[in-house]
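> Please model the entire structure based on the sequences and the hints provided.
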Amino acid sequence: MSLMSEVGQKAFNLGVPIAVHLDVTYRCNERCVHCYLDHDDHGEMTTVEIKDVLDQLAEAGVFFLTFSGGEVFLRRDFFEIVEYARRLMFNVKIKTNAVMIDEEDARRIRELGVDTIQISVYSHRPEVHDAITKLPHSFERTIKAIRFLREQELRVTIANVLMTANSSDHAGVQQLAAELGVQYTLDPTITPMMDGDTSVLSLRIPGEELPEIFHNPALVGSQEEFCAPPKPPSEEDLEGYSCSAGHSFCYISPYGDVFPCVQFPLPTGNIRQQKFLDIWNLSPEMKEVRSIQAKDLTVCSSCSHVSSCTRCPGLAYMEGSMRGPSTADCEKSFYRTGVPTANMLQQGLSKPRTITGKSAPLIQIRPIQVLPITVPA
Amino acid sequence: MPEDCIYIARSSAIAARALAGEMMVMNSADSTFFTLNEVATTIFQAADGRTPLREIVRDRVCLQFDVDPEQAQADAEQFVTELSSHGILLVSNQPLASETTR
Chain A
1 MSLMSEVGQK AFNLGVPIAV HLDVTYRCNE RCVHCYLDHD DHGEMTTVEI KDVLDQLAEA
61 GVFFLTFSGG EVFLRRDFFE IVEYARRLMF NVKIKTNAVM IDEEDARRIR ELGVDTIQIS
121 VYSHRPEVHD AITKLPHSFE RTIKAIRFLR EQELRVTIAN VLMTANSSDH AGVQQLAAEL
181 GVQYTLDPTI TPMMDGDTSV LSLRIPGEEL PEIFHNPALV GSQEEFCAPP KPPSEEDLEG
241 YSCSAGHSFC YISPYGDVFP CVQFPLPTGN IRQQKFLDIW NLSPEMKEVR SIQAKDLTVC
301 SSCSHVSSCT RCPGLAYMEG SMRGPSTADC EKSFYRTGVP TANMLQQGLS KPRTITGKSA
361 PLIQIRPIQV LPITVPA
Chain B
1001 MPEDCIYIAR SSAIAARALA GEMMVMNSAD STFFTLNEVA TTIFQAADGR TPLREIVRDR
1061 VCLQFDVDPE QAQADAEQFV TELSSHGILL VSNQPLASET TR
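Chains as they are written, first to last, in my numbering: chain A, 1 to 377; chain B, 1001 to 1102.
In case anyone wonders, no lab produced these hints; they're calculated from the structure. All C-beta atoms in this analysis are idealised placements derived from N, C-alpha and C, irrespective of residue type, glycine included. A hint or two may mislead.
Unchecked claim - Which bits of chain B does chain A cover? Going by a derived footprint, with three or more residues having C-beta under 8 Å, they are:
id : segment
1  : 1030–1040
2  : 1066–1076
Said to hold, decoys possible - Every beta carbon over 10 Å from chain B, so not counted as near; a handful from chain A, in silico:
id : residue
3  : Gly-61
4  : Gly-113
5  : Ser-202
6  : Tyr-255
Said to hold, decoys possible - EDC-like cross-link-like pairs, simulated, lysine to aspartate or glutamate; straight-line CA separation at most 20 Å:
id : chain 1 : residue 1 : chain 2 : residue 2
7  : A       : Lys-93    : B       : Asp-1030
8  : A       : Lys-10    : A       : Glu-209
9  : A       : Lys-51    : A       : Glu-30
10 : A       : Lys-10    : B       : Glu-1022
11 : A       : Lys-10    : B       : Asp-1030
Rendered as structure tokens:
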């Protein structure tokens, strides 16, 4: 286990929120076809409120802080917020479309000691990227910004969300990332809209196309390992938890609402009305989320995939129950290994049915930790 | 460098947070990641750029931990040398401006 993993496990065991994703705005200068957000401003936190949140997060033990949106640079006070966060010694990551970043901004980002900038790039073909973002010349502006950031020797990751419009472009984007000297990751996205509207899910890649992705070593690493048939779950597996949501990670919206995860729209409290640590420690919803072990899952506890599935409790929640299956993850487990899931077998299916309704998406290949970790002797 | 004159300050390039008494430290420039034990954490937290290392060892480390003062000073100097080589701590024989809040 790497030192980073050990620390993550320690935070998980202690119930310390070591990582927080904070959206500072939902406003955006792009209108991506798959986006799940309402871009109107319904009362974002002010600069003062966000600084107070940051003070509370530092006090609570948060180390990894991701600023995202919306487009973060639409906030005129964004650099002030980042500067404040860095003074509090957070490890800061920024998610952005980068179209507003110029040379001077890139220099300032470096001076502030930002760890990583993750930038959405949908295709190596400008016309495809721009058609997804609905912002003319956005590809050109985004790539230009990446070059500015690289000139400052900043660490940049291209996040490549795959959907029907760009499903064949991942190799081109990977090559583009290599040319730019940046990391590449397939990003988990295409969730239902925040109001529950699932129409954007029609953009997801059909399940039948998943094997091509899951059997591509350039995307998943060792195919033998990634596509291995599931092992019978052990007692320890059944005592385990789905993910870090609510255990050592949470999400805060621009309006101060606290959720277990970006993809888990279960309100647990609002930071404008309660202290963050009170929500984290005392919210009945947060407590419920962190109480659920694999053995408590209604269908998945009897599934052969239970120890290796990427089951997302947030997506399961959006399907109706945080203890239920996440159909999209069932689909992935099946197309990854060829072995039907308990959820499928219960419905008498030998392969996933074509999904158009309540199911949530898609590809969630988690980026592999590739940063060098040095442990002093 | 004479040990009486060593001043240490945390670099502004780093991220750090205490987890159950141990400090996690990450340098964004090269993504090196460390965890510091309690003694090292005490020195790190006291690295305000104004307090000489010898004073930190005498007034913090030796008071909080059951250690031999000479051994503590030698260990502290080695620790400071190692962290400064990774850009985590700034070292000078003059007082330094502190770039971080905690």
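> With a cut-off of 20 Å on the C-alpha distance, tell me whether Lys-10 of chain A and Asp-1030 of chain B pass.
With Cα atoms ~24 Å apart, Lys-10 of chain A and Asp-1030 of chain B exceed 20 Å; violated.
> For the segment 1030–1040 of chain B, do three or more residues have a beta carbon lying closer than 8 Å to a beta carbon of chain A?
Result for this restraint: holds, n = 6.
> Hint check: Lys-10 of chain A vs Glu-1022 of chain B, CA-CA at most 20 Å. Holds or violated?
Given that 20 Å is the threshold and the Cα spacing comes to 11 Å, the pair holds.
> Is Lys-93 of chain A close enough to Asp-1030 of chain B, meaning Cα to Cα at most 20 Å?
Roughly 14 Å separates the two Cα atoms, so the pair holds.
> For Lys-51 of chain A and Glu-30 of chain A, compute the direct alpha-carbon distance and say whether it is at most 20 Å.
27 Å, violated
> Would Gly-61 of chain A pass as off the interface with chain B, using Cβ distances and a cut of 10 Å?
At about 6 Å from chain B, Gly-61 of chain A fails to clear the 10 Å cut-off, so the statement is violated.
> Under 8 Å between beta-carbons, do enough residues of the segment 1066–1076 of chain B, three at least, approach chain A for the coverage claim to hold?
Not satisfied, violated; 0 residues make the cut.
> Is it true that the CA of Lys-10 of chain A sits at most 20 Å from the CA of Glu-209 of chain A?
It is violated: about 38 Å lies between the C-alpha atoms, which goes past 20 Å.
> Far enough from chain B: is every CB of that chain over 10 Å from the CB of Gly-113 of chain A?
5 Å, violated
> Examine each Cβ of chain B, and state whether all of them lie more than 10 Å from the Cβ of Ser-202 of chain A.
Answer for Ser-202 of chain A: holds, closest chain B Cβ roughly 39 Å.
> Against chain B, does Tyr-255 of chain A keep a CB gap of more than 10 Å to every residue?
26 Å, holds
In terms of the numbered hints stated before, the structure departs from hints 2, 3, 4, 8, 9, 11, listed from lowest to highest.
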